[in-house]
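Enquirer: Take these sequences, add in the hints, and give me the full structure.
Protein chains: 2
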Amino acid sequence: VTSLAPDLERLLAEFDARRPAAVARMVSIVENHRPGFDVALGLLHGRMGRARRIGITGPPGAGKSSLTVHVARSYREAGLTVGIVAVDPTSPFTGGALLGDRIRMEAVALDSGVFIRSMATRGSLGGLASATREVADVLDAYGFDRILIETVGVGQSELEVARTADTTVVTLVPESGDAIQALKAGLMEIADIFVVNKADRPGADKLRMEIELMLGLRLGPVLRPVPGHHGVELQEFVNPAKVARAAATADAADQWTPPVVRTVAITGDGTDELIAAVDRHYTYLERSGELRQRRRRRLRERVVEVVQNRMQQRLWEDEGTNAWLETQLPAMEAGERSPFAVADTLLARSADVLSSGRPT
Amino acid sequence: VTSLAPDLERLLAEFDARRPAAVARMVSIVENHRPGFDVALGLLHGRMGRARRIGITGPPGAGKSSLTVHVARSYREAGLTVGIVAVDPTSPFTGGALLGDRIRMEAVALDSGVFIRSMATRGSLGGLASATREVADVLDAYGFDRILIETVGVGQSELEVARTADTTVVTLVPESGDAIQALKAGLMEIADIFVVNKADRPGADKLRMEIELMLGLRLGPVLRPVPGHHGVELQEFVNPAKVARAAATADAADQWTPPVVRTVAITGDGTDELIAAVDRHYTYLERSGELRQRRRRRLRERVVEVVQNRMQQRLWEDEGTNAWLETQLPAMEAGERSPFAVADTLLARSADVLSSGRPT
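Protein sequence lines correspond, in order, to chains A and B. Under this note's numbering, the first residue of the first sequence is numbered 1, with each subsequent residue one higher. Under this note's numbering, the first residue of the second sequence is numbered 1, with each subsequent residue one higher.
Worth flagging that the hints you see were computed from the coordinates, not collected in a lab. No residue lacks a Cβ here, since even glycine has one placed at the ideal position from N, Cα and C. You may find that some hints are simply not true.
Computed footprint of chain B on chain A; a stretch qualifies when at least three of its residues, placed anywhere within it, have a C-beta under 8 angstroms from a C-beta of chain B [to be verified]:
id	segment
1	39-50
2	200-209
3	306-312
4	321-333
Expert: Rendered as structure tokens:
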């Protein structure tokens with residue numbers, strides 16, 4: 001058992017007593033990897049797992065923040081507490097708000113049953129997904145019923161953030177090519193629920209149809225490569241068997257077909273339907289055993305992540321290692337030694353540094 | 001010295017003989033981390049460093065691909081060979097082209113002095129930035145004069161990709177809030193040159209001014225926090241000293257002020273100015289010593305990256321480690337052991353696996 005710094009011990013006691021200031025301080029310690037953050041997270045580990053984590057992702061401008069606010073407000077009306085982690089650098093939560101957005105945010109932020117933390121974009125060591133998950137862990141351990149993770153759905157790190165949620169909501173708006181771009185960006189694969197936001201705009205039906213087409217639910221147009229041609233050509237055909245099968249299995253416990261929910265971010269229309277879909281998805285996760293599997297997978301990934309951070313930290317906090325690497329630079333610059341050769345030698349001389357943890 | 005598989009040895013000989021098919025095969029081996037990729041990259045290391053690497057980044061829809069094509073064509077007209085690495089999942093290079101774009105791409109792609117490789121988005125192990133750099137390394141070693149790296153400038157991994165270039169061109173289009181979003185996404189910090197693309201559209205002058213304002217070149221409006229208020233307020237003032245200083249030092253060898261170049265992607269207008277700016281930046285890099293510093297930093301980062309991949313690989317390819325981790329999952333699920341405790345134990349029992357490299 002690692003010994004605990006007195007101030008951290010005091011903070012944990014305040015956290016246990018559910019003092020609101022304690023959660024903010026704990027989040028800051030964890031987010032910035034201040035000394036003892038890992039000890040604290042380790043101690044909180046046994047209290048995690050009660051919260052439902054909902055990722056809200058999508059391209060910039062899809063209205064994710066407004067949607068997050070509406071969902072948070074609905075949960076509050078149902079008597080649930082809500083933690084919000086905003087990872088989107090262009091999100092109003094992080095300061096880029098239009099006035100109307102900001103006013104809506106602040107109304108939510110002033111509610112003591114809501115905790116909002118916006119995360120700055122950060123370097124790769126430790127990583128954005130890792131930090132986001134850790135902050136969500138703190139909120140979970142504190143006892144928030146729902147944790148909303150808002151993240152812009154472009155880029156690899158951001159997709160990883162989405163994977164830390166139990167339910168991932170992919171938000172799109174009726175604009176040309178949005179469904180295709182989402183497909184290419186990998187959003188289609190991670191979606192448990194689709195939201196067509198700004199559904200009062202023209203093109204909403206078309207977008208909904210595109211999403212459903214991509215999910216293989218409807219007509220099922222097939223992208224068939226045409227010989228002697230560099231592109232692909234679209235050939236439509238109806239596959240009634242597939243449509244019937246999808247309809248029959250939509251409510252089965254062992255299968256989930258991502259529904260498409262229409263919302264209007266400005267008015268909040270569709271929020272209830274979205275929350276109902278999130279609840280249905282959670283029921284599916286529980287009944288099918290998928291929830292346990294996802295959480296097991298997250299624990300496994302979590303160990304991999306901690307191991308990686310620990311290795312990096314032990315290696316590069318060692319002055320000897322850094323000094324030795326500096327001596328190797330001239331030979332690498334001259335093209336005489338490759339980074340691979342240097343890396344292998346470095347690892348061979350660092351066995352003891354890597355395996356022996358010092359108290360943090 | 002690690003022994004080389006016979007087919008890899010043959011490939012390297014063909015690569016040396018500058019057979020075009022060899023570069024494509026080598027790129028595939030490296031991109032997919034096939035067995036021996038590290039040995040091959042190690043052997044090629046001494047031949048790298050001749051190419052100039054130019055990153056072209058910006059938000060989706062900024063016309064990066066068209067710009068890349070125009071730049072590539074201009075270099076070809078000047079008798080230079082060009083490698084293109086496209087990392088943008090929404091790029092026409094990766095298949096999402098409109099017909100006009102596609103025709104322009106193909107004209108370039110059919111030129112034997114141009115090599116194009118589009119990279120799929122990939123998982124975090126190994127990483128996108130790492131893979132992109134390695135592919136660029138292969139093209140560099142093969143002898144391409146210019147390497148253009150097209151990457152969508154949203155998301156952490158993508159910014160890392162941009163950092164592998166000698167010169168980073170940030171492309172924006174006159175649309176509302178684009179400069180602000182770019183600032184927030186971290187693009188302002190990595191830009192060596194700005195391009196205002198689609199400069200024939202309304203708002204191009206405004207965007208150019210916004211960029212220059214942000215660079216602190218012009219009026220220098222200052223974001224001043226207002227007490228008792230959650231937002232910030234904009235207060236404009238002119239700082240003549242700063243403007244004069246910037247103008248005086250713009251051509252000095254030891255300082256670089258990112259220029260703003262206007263282009264029209266459809267017609268190619270402004271391409272010559274962009275290429276001239278890239279050349280000026282390279283001259284600055286060389287004269288100021290910054291080129292050497294950047295390349296040193298890249299070599300250092302490269303070792304860190306290889307070390308990280310090697311550690312991960314050795315650890316998780318070890319069956320014993322994985323089997324042991326599985327035995328720890330129930331206690332973690334029950335909240336009895338934390339991922340931190342499991343990670344520490346895992347590292348303590350894996351010292352030998354980590355330090356001893358097996359031949360790859």
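Enquirer: Count the residues of the segment 39-50 of chain A whose CB lies closer than 8 angstroms to any CB of chain B, then report whether that count reaches three.
Expert: holds (count 9)
Enquirer: For the segment 200-209 of chain A, do three or more residues have a beta carbon lying closer than 8 angstroms to a beta carbon of chain B?
Expert: Our answer is that it is violated, as 0 residues pass the Cβ test (under 8 angstroms) against chain B, missing three.
Enquirer: Please count how many residues of the segment 306-312 of chain A have a CB within 8 angstroms of a CB from chain B and say whether that reaches 3.
Expert: n = 6 at 8 angstroms, threshold three: holds.
Enquirer: For the segment 321-333 of chain A, count the residues whose Cβ lies under 8 angstroms from any Cβ of chain B; is that count three or more?
Expert: holds (count 5)
Figure legend: structure checked against the earlier numbered hints; the only hint not met is number 2.
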